[in-house]
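Enquirer: Listed below are the residues making up each chain.
There are 2 protein chains.
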Amino acid sequence: MFSNSDPIRRLSNYRRVLCKLRALGFERFVSDNLGGALDISPAQVRKDFADYGLTGNKKGGYDVRDLIEKLNKILGKNELQKIIVVGCGGMGRTLMGYNGFSGEGMKVVAGFDSNPSLIDPRAIIPIYDINDMPEYIQKEKIELAIMTVPESAASKVSEVLKGCHIKGILNFAPIMLKSSEECIIRNINIIHEMENIIYFARKIGNED
Amino acid sequence: MFSNSDPIRRLSNYRRVLCKLRALGFERFVSDNLGGALDISPAQVRKDFADYGLTGNKKGGYDVRDLIEKLNKILGKNELQKIIVVGCGGMGRTLMGYNGFSGEGMKVVAGFDSNPSLIDPRAIIPIYDINDMPEYIQKEKIELAIMTVPESAASKVSEVLKGCHIKGILNFAPIMLKSSEECIIRNINIIHEMENIIYFARKIGNED
DNA sequence: TAGATTGTTAATCGATTAACAATC
DNA sequence: TAGATTGTTAATCGATTAACAATC
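In the order they appear, the protein sequences are chains A and B. All the letters of the first sequence, read from the start, carry residue numbers 1 to 208 under our numbering. All the letters of the second sequence, read from the start, carry residue numbers 209 to 416 under our numbering.
Treat the hints as calculated values from the structure; they're not laboratory data. Be a bit skeptical, because a hint or two may be false.
[Said to hold, decoys possible] Which bits of chain B does chain A cover? Going by a derived footprint, with three or more residues having C-beta under 8 Å, they are:
1) 288-298
2) 303-317
3) 377-388
[As the list claims (entries may be wrong)] Pairs of lysine-lysine residues, derived as DSS-like cross-links and limited to a Cα-Cα distance of at most 30 Å, are as follows:
4) K285/B <-> K178/A
5) K77/A <-> K20/A
6) K203/A <-> K370/B
7) K203/A <-> K386/B
8) K411/B <-> K139/A
9) K162/A <-> K411/B
10) K267/B <-> K203/A
11) K162/A <-> K228/B
12) K411/B <-> K156/A
13) K370/B <-> K178/A
14) K349/B <-> K203/A
15) K82/A <-> K411/B
16) K107/A <-> K411/B
17) K178/A <-> K255/B
18) K203/A <-> K228/B
19) K278/B <-> K203/A
20) K203/A <-> K281/B
21) K203/A <-> K255/B
22) K73/A <-> K386/B
23) K139/A <-> K178/A
[Unchecked claim] One-sided and incomplete, this derived list gives chain B residues near chain A with beta-carbon spacing under 10 Å:
24) L262
25) I396
26) I399
Where is the CB? At the ideal position from N, CA and C, for every residue including glycine.
With the hints as constraints, model all of the structure from the sequences given.
Expert: Now the structure itself:
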């Protein structure tokens, strides 16, 4: 069911570039333009567009605004996406304070933690006791969560979230949670990203 | 030259699982074990091992400690990896304070920012003026950087880092920086990760 | 030994790219 | 119209998997 997440990643990148083109006043573009900006072949761009029903014009290329509109629909930009942050340590609070969500149709509506000293229901983005999370999720119809708990808590918390019928989790804990039919999970493992960089960086010569 | 980063990601995952096995007292494992823990086929595990010179024993499988040792070598775990954080806003400071690096052979040795009020050369992990960065990189032979600057500064800062012969960058700014022969770059785009999750989450039915 | 597992090759699968007819 | 670009199909490429001989 989950096939490949790469095409959707490319759609996100296409959209970002097109928003910039729009801001610069461009009205049309061709597959070659867009691909070039992202190191993607024009054939790949056209294939992706075909796969997701994005059409252009033989000759004139594609309409910037039209394409953004269609990408918005595909990527769920037309309805506000409510997100909860589970685990309000350093990373959790940083993400709660991240101001990049609001321009992208996303909003962190609450945080949850087990540490009483972090709980603050009166804050602009309230932080509640994690025991109150299931009720909140149900009442507010939350479908998306960002998990920023310590590794020790990660499996348990992910089970609770799944039990609450959360549909999507962005997991920052250093443990590979697997997606299922009921819940799509993406893992961000900063240590592994650094290991990857280190592996390839070590292959770069020292002769400068 | 950069082929595919996926095999190395799998090696990171293998290593993490093996460290857990070791902690649990396991001495040996078979490709089936390891694959099962990560949703990877045993054939893929053996293929990866073959590709990176990791050998086992026909019959008895593989030795946990031996494999970890070999993976450590491949992933650069045997020498301390010094990292600088460029951009000391919320995300930058969170990463500077992240205590997961030290157990993994990595250390954030300094931060850099252009905002005078953030500069603090006396801190445990000092924060210096970004203008002093090139000198610091050269003197301390820094090869790795984490970029947590605003989008508006991202291209410029990445150019400066490349100019300083930094070999690897983990970029959190919402702009797709491309790797080159001299500098390997990995981009983490939280908005795009959420868009990906939202796309697939929306395909999950509402009938519960 | 018999059974189990590796290491490796060949087959399969899927994703990317090349090529080109359609057409604006 | 001539030239340029899409949309799509077929070819290519590379990664994953199946299968099995080697062997512990």
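Enquirer: What hint numbers does the structure not satisfy?
Expert: 10, 13, 24
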